[in-house]
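Residue numbers (the working numbering), protein chains in the order written: chain A, 1 to 287; chain B, 288 to 574; chain C, 575 to 861.
Just so you know, the hints here were simulated from the structure itself, not pulled from any lab data.
All residues carry an ideal CB built from backbone N, CA and C; glycine is no exception.
There may be inaccurate statements among the hints.
In silico contact screen, one side only, chain A against chain B (beta carbon under 7 Å); selected entries [to be verified]: (1) F47; (2) N74; (3) L76; (4) V78; (5) G81; (6) S102; (7) Q148; (8) T149.
Derived DEER-like restraints, expressed as beta-carbon distance ranges [claimed, not checked]: (9) C:G836 / B:N563: 49 to 57 Å; (10) C:A592 / B:M518: 51 to 59 Å; (11) A:D244 / C:N696: 36 to 44 Å; (12) C:E801 / B:N321: 52 to 60 Å; (13) A:N16 / C:G710: 53 to 61 Å; (14) C:A787 / B:F302: 52 to 60 Å.
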Amino acid sequence: GYGRFGVDYQEDRGFNDAGDELSDAKIETRLRMNIDASTSTDQGVDFGGRVRLQYNDGDSETNVSAAYLYVSANGLTVSVGNVNTAFDSAGLIYESEVGLISRSYGNAQGDFYAFDSDAYDNNNRMGVAVEYEIAGASIMASYIDPDQTTDGQSEEFSIKADYTWNNIALSAAYVQNAAGTEDADKYFIGAYYTMAGTNNGIGLNYIDEDSDADNQGQTIVLYGDYEVAPMTTLSAYIANNDRDSNETDNAFGIGAKYDLGGAYLAGSIERGYDENVRADMGVRFDF
Amino acid sequence: GYGRFGVDYQEDRGFNDAGDELSDAKIETRLRMNIDASTSTDQGVDFGGRVRLQYNDGDSETNVSAAYLYVSANGLTVSVGNVNTAFDSAGLIYESEVGLISRSYGNAQGDFYAFDSDAYDNNNRMGVAVEYEIAGASIMASYIDPDQTTDGQSEEFSIKADYTWNNIALSAAYVQNAAGTEDADKYFIGAYYTMAGTNNGIGLNYIDEDSDADNQGQTIVLYGDYEVAPMTTLSAYIANNDRDSNETDNAFGIGAKYDLGGAYLAGSIERGYDENVRADMGVRFDF
Amino acid sequence: GYGRFGVDYQEDRGFNDAGDELSDAKIETRLRMNIDASTSTDQGVDFGGRVRLQYNDGDSETNVSAAYLYVSANGLTVSVGNVNTAFDSAGLIYESEVGLISRSYGNAQGDFYAFDSDAYDNNNRMGVAVEYEIAGASIMASYIDPDQTTDGQSEEFSIKADYTWNNIALSAAYVQNAAGTEDADKYFIGAYYTMAGTNNGIGLNYIDEDSDADNQGQTIVLYGDYEVAPMTTLSAYIANNDRDSNETDNAFGIGAKYDLGGAYLAGSIERGYDENVRADMGVRFDF
């Protein structure tokens with residue numbers, strides 16, 4: 001798991017349900033603890049399960065997520081329950097993110113299922129995922145039924161493939177009926193090139209969420225990372241999304257990270273499709 | 288704790304509150320993690336406590352149970368809080384169960400208190416249990432007050448005794464005001480015979496839940512286990528219950544387990560007093 | 575964490591919401607487990623977080639508290655989230671407590687914020703605390719915003735200082751807008767003297783909660799601890815509070831503890847400002 005805390009600034013954050021104006025700046029905290037249990041059979045098959053404890057600022061209590069269970073052997077993993085989904089697991093889909101809170105306007109704009117750290121909206125949600133990993137490549141498929149006790153809902157199905165070849169990483173994914181919304185189909189393809197002998201690189205992502213059921217447009221994001229000094233990395237992106245409701249179709253962000261060895265300081269400034277600025281700064285540690 | 292997942296089939300599962308027909312087949316998952324804490328005094332007295340994290344399919348979140356605390360010395364254990372009850376702890380009372388989900392129509396048909404893995408229905412429930420173990424024998428008594436803050440409810444009281452002598456295990460239990468229902472008294476007696484030098488055996492259980500407060504009739508179940516091949520055990524039972532509301536008074540089940548060493552595959556088919564069939568198949572692992 | 579269980583007696587405990595008379599005696603249980611995660615950077619800076627699992631009798635489930643996160647180096651600790659507060663952390667403020675449940679009528683009578691083991695009343699509560707420790711001394715300041723998303727509430731601010739010099743411990747604290755109530759300001763000062771070469775001692779605490787916003791009066795408590803035999807300590811206090819609503823301004827308590835090595839037996843009898851008696855007896859163990 002990990003912990004992080006810092007300041008989160010959002011220009012024109014808006015109003016709460018009572019009509020009070022929300023503060024533009026607030027303290028952001030997250031503590032995530034994954035509770036894993038596993039065992040191995042004499043034949044070398046691994047069985048296990050995971051529950052996540054997560055607290056975010058604004059919660060009244062720490063959430064104890066729904067669980068998933070898995071069986072794994074020879075690179076093939078089958079998981080059942082509150083599973084990671086294929087679309088959410090695409091290797092590069094979040095790679096343009098910057099800052100402490102790991103956000104990017106180059107991410108997908110609409111919804112799709114993922115491991116749910118909070119309580120399910122629908123108790124009877126059930127997922128199944130299959131992943132196969134072999135040297136340099138990973139393919140995965142997932143299926144989420146919003147309510148497995150009855151028929152009639154649209155079930156989400158997604159697939160992804162990741163491949164690394166020398167200095168190039170490729171990633172693609174597709175999701176059907178994203179988040180259980182009928183005909184909300186989405187496509188993702190991305191590539192990242194690491195400059196030989198460095199940690200510097202450049203990437204390009206394309207996400208299509210332009211279905212009538214979703215209307216989130218197409219997003220293209222060009223991004224890069226550059227180690228300006230030992231332990232210090234600058235990252236930046238410029239994103240374009242053609243959704244009708246945008247104030248502007250261009251968004252961008254820049255972030256910096258300073259490695260403390262076991263923890264890092266990070267900060268970012270971004271400007272979104274609503275022409276507002278958001279920024280964060282703080283510290284994150286992994287354990 | 289343990290994890291398990293598989294398929295659960297129930298003929299004519301019925302309808303949900305919204306009137307939708309429920310699927311006969313569903314994916315069944317459970318992840319159970321017991322969180323134990325304990326310490327020992329210099330005199331060799333053990334103190335401890337337990338909380339259980341459990342997720343079942345159909346839950347929106349993992350439940351974090353109410354806790355019990357205990358003190359233990361020289362074979363005598365006193366526990367307080369969300370305790371295991373004597374009737375529920377009788378050594379053979381669940382012994383006719385088959386399959387992944389460990390079910391049997393030969394089990395008690397009505398309610399009684401046990402350790403509650405979910406949230407209490409009544410916040411102010413309080414239990415006390417006393418158990419004494421000595422070579423081959425165990426006796427236990429428990430007391431559950433549905434609401435300890437006020438008088439007037441019926442309190443559940445139960446006792447049990449287990450005894451093993453050579454190849455024979457004997458078990459008996461009695462509960463008064465089961466699950467806090469006045470005059471819902473229940474009786475259990477069971478025996479199991481293991482064939483010398485094998486894991487094969489045969490058992491007979493009798494449960495009387497025929498009080499006017501309960502009206503669940505009397506249940507007799509004859510059951511057995513047979514190792515048909517190394518690692519592979521077949522189990523079966525035939526049960527008779529004379530409750531008025533039954534479609535049939537006879538139920539039966541057959542199950543199989545294949546040991547993977549640290550995990551096992553299990554499946555079962557049963558036919559109940561409602562003349563419907565239920566079945567399960569899947570994998571369970573302990574950690 | 576720790577566990578404890580025993581009997582809690584309260585003369586004239588009163589009535590529940592349904593109008594039923596509450597039992598004077600009840601079984602008291604608590605199981606507290608702190609779940610800590612931490613890491614250290616190469617520079618020797620510690621980062622960590624804490625979530626608390628706690629079950630008290632009367633709860634339907636074990637509570638999983640909101641979390642706090644911290645960074646610590648060279649005696650300076652900054653924490654964010656569900657933090658310990660300065661006023662609640664004053665070294666001697668709870669020192670007159672007796673018995674299993676650790677209670678005293680010499681404690682503060684009104685409210686102020688502390689680490690919240692239960693769910694927040696207000697989801698958007700946010701706290702920050704800073705503590706500095708150096709040989710024999712500790713100073714701390716904390717700030718709690720009842721709702722950090724909007725302006726307009728009163729924020730609690732508190733400070734405390736502790737100092738130990740030879741056989742004398744001194745402690746002082748101040749809180750402004752205690753528990754987010756405007757102008758509910760409180761003052762605390764206390765001292766404890768340990769007799770050289772013994773565990774016996776005597777202390778005096780003064781707490782002023784006499785603001786118009788609070789009206790809990792001023793409390794003075796004189797208390798002492800005396801080891802009457804090896805492993806056995808008697809403690810007693812006499813407290814005076816001048817709140818208008820008191821039946822009597824004088825309260826007192828006496829308690830005993832017997833150390834089992836890793837656990838202890840404890841009991842107490844107290845008489846409060848309402849002229850009623852409360853008592854407890856039981857066992858507590860730490861792990």
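Going through the hints against the structure:
1. Checking F47 of chain A against chain B: minimum C-beta separation of about 4 Å stays under 7 Å; hint holds.
2. For N74 of chain A, the suggested interface contact is broken, since its CB lies about 15 Å from the closest CB of chain B, more than 7 Å.
3. Checking L76 of chain A against chain B by beta carbon gives a least distance of about 15 Å; that is not within 7 Å, so the hint is violated.
4. Interface hint at V78 of chain A: violated, since its Cβ lies 9 Å from the closest Cβ of chain B, which is beyond the 7 Å cut-off.
5. About 5 Å separates the beta-carbon of G81 of chain A from the nearest beta-carbon of chain B, less than 7 Å, and the hint is met.
6. Hint status for S102 of chain A relative to chain B: violated, with the closest Cβ pair at about 24 Å, above 7 Å.
7. Using the Cβ-Cβ criterion of 7 Å, the hint placing Q148 of chain A at the interface with chain B is satisfied: the shortest such distance is roughly 5 Å.
8. Interface restraint check for T149 of chain A: the shortest CB-CB distance to chain B comes to about 5 Å, inside 7 Å, so the restraint holds.
9. Checked against the given bound of 49 to 57 Å, the beta carbons of G836 of chain C and N563 of chain B, roughly 54 Å apart, stay inside it.
10. Roughly 57 Å separates the CB atoms of A592 of chain C and M518 of chain B, a value that falls within the hinted 51 to 59 Å.
11. The hinted range of 36 to 44 Å is satisfied by D244 of chain A and N696 of chain C, whose Cβ atoms lie roughly 38 Å apart.
12. With their beta carbons about 39 Å apart, E801 of chain C and N321 of chain B fall outside the hinted range of 52 to 60 Å.
13. Checked against the hint of 53 to 61 Å, the pair N16 of chain A and G710 of chain C fails, with Cβ atoms roughly 46 Å apart.
14. Range check, A787 of chain C to F302 of chain B: about 56 Å between beta-carbon atoms, so the 52 to 60 Å window is met.
Going through the hint list in order, the structure does not satisfy hints 2, 3, 4, 6, 12 and 13.
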